[in-house]
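S.K.: All chains should be modelled from the sequences, with the hints used to inform the complete structure.
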Amino acid sequence: AQSVTQLDSQVPVFEEAPVELRCNYSSSVSVYLFWYVQYPNQGLQLLLKYLSGSTLVKGINGFEAEFNKSQTSFHLRKPSVHISDTAEYFCAVSVVGNEKLTFGTGTRLTIIP
Amino acid sequence: DTEVTQTPKHLVMGMTNKKSLKCEQHMGHRAMYWYKQKAKKPPELMFVYSYEKLSINESVPSRFSPECPNSSLLNLHLHALQPEDSALYLCASSQQDRYGYTFGSGTRLTVV
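So the protein lines, in turn, are chains A and B.
First residue of the first sequence: 194, per the working numbering; consecutive thereafter.
First residue of the second sequence: 1314, per the working numbering; consecutive thereafter.
Please keep in mind that the hints were generated in silico from the structure rather than gathered at the bench.
Idealized CB from N, CA, C, for every residue including glycine.
Among the hints, a few may not be true.
Quick list of in silico lysine to aspartate or glutamate cross-link-like pairs, EDC-like style, CA-CA up to 16 Å [claimed, not checked]:
#1 LYS293/A / GLU1371/B
#2 LYS1353/B / ASP201/A
#3 LYS1332/B / ASP1398/B
#4 LYS293/A / GLU1357/B
#5 LYS1366/B / GLU292/A
#6 LYS1351/B / GLU1397/B
#7 LYS1351/B / ASP1398/B
#8 LYS1354/B / GLU1397/B
#9 LYS1354/B / ASP201/A
#10 LYS1335/B / GLU1380/B
Not everything, but these chain A residues come out facing chain B in the computed CB check (under 8 Å) [as the list claims (entries may be wrong)]:
#11 LEU237
#12 LEU294
#13 GLY297
#14 THR298
#15 GLY299
Among chain B residues calculated to face chain A with C-beta under 7 Å, some are [stated by the list, open to error]:
#16 ALA1344
#17 PRO1356
#18 VAL1361
#19 PHE1416
#20 GLY1417
#21 SER1418
#22 GLY1419
M.R.: Okay, here's the thing in structure tokens:
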């Protein structure tokens, strides 16, 4: 079975500083990888996804992520964060051909003015 | 229409009540999902419907009963819930595993 690990439960970052949110996955078969963002009292919004091909994936709101197969990682980055980026970020994985999406435990990103 | 609409947004119910949560999408997605999310936790899968048929039930107690009347609608019927069932219930839909899910904004359920 597949699993996702988000090692950092909370990440505080100063406004306009860069940020990296870490995600590692485990699976014996091919997977699709996703990052979702959840703002307070809202549902989840898809930030970006890796299906195949180029390992650098660009998403919405200036976020990008890099797939590293050898390290089984899919870290999320943004070069300059804003107050509006304060939210919970979830990494998720699905096995190719399987509808089930498995989420990591989430990382709370807090932007310090 | 690129949204998943959930109603109601908030629901307070007693342990003896019967209520239903509703989810609707008009994107032509073939799969629909119910997730439960407790505070400060990731969403947990409850049910998956694929082409209007129940394909995954993650050992959810029978007090939760899903229904998919057609390809655009998904209901979750609630009966005799417990206070620990209080959570955010999220509906999602997808066209295929590779496209990711589109989530609704959820129903905040409180059981008293």
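S.K.: If a hint holds in the structure, say so; if it does not, say that too.
M.R.: Results for each hint:
no.	hint	verdict
1	LYS293/A / GLU1371/B	holds, 10 Å
2	LYS1353/B / ASP201/A	holds, 13 Å
3	LYS1332/B / ASP1398/B	holds, 13 Å
4	LYS293/A / GLU1357/B	holds, 11 Å
5	LYS1366/B / GLU292/A	holds, 13 Å
6	LYS1351/B / GLU1397/B	holds, 9 Å
7	LYS1351/B / ASP1398/B	holds, 9 Å
8	LYS1354/B / GLU1397/B	holds, 14 Å
9	LYS1354/B / ASP201/A	holds, 14 Å
10	LYS1335/B / GLU1380/B	holds, 10 Å
11	LEU237	holds, 4 Å
12	LEU294	holds, 6 Å
13	GLY297	holds, 6 Å
14	THR298	holds, 6 Å
15	GLY299	holds, 5 Å
16	ALA1344	holds, 5 Å
17	PRO1356	holds, 6 Å
18	VAL1361	holds, 5 Å
19	PHE1416	holds, 4 Å
20	GLY1417	holds, 5 Å
21	SER1418	holds, 4 Å
22	GLY1419	holds, 5 Å
When each numbered hint is compared with the structure, no violation occurs for any of them.
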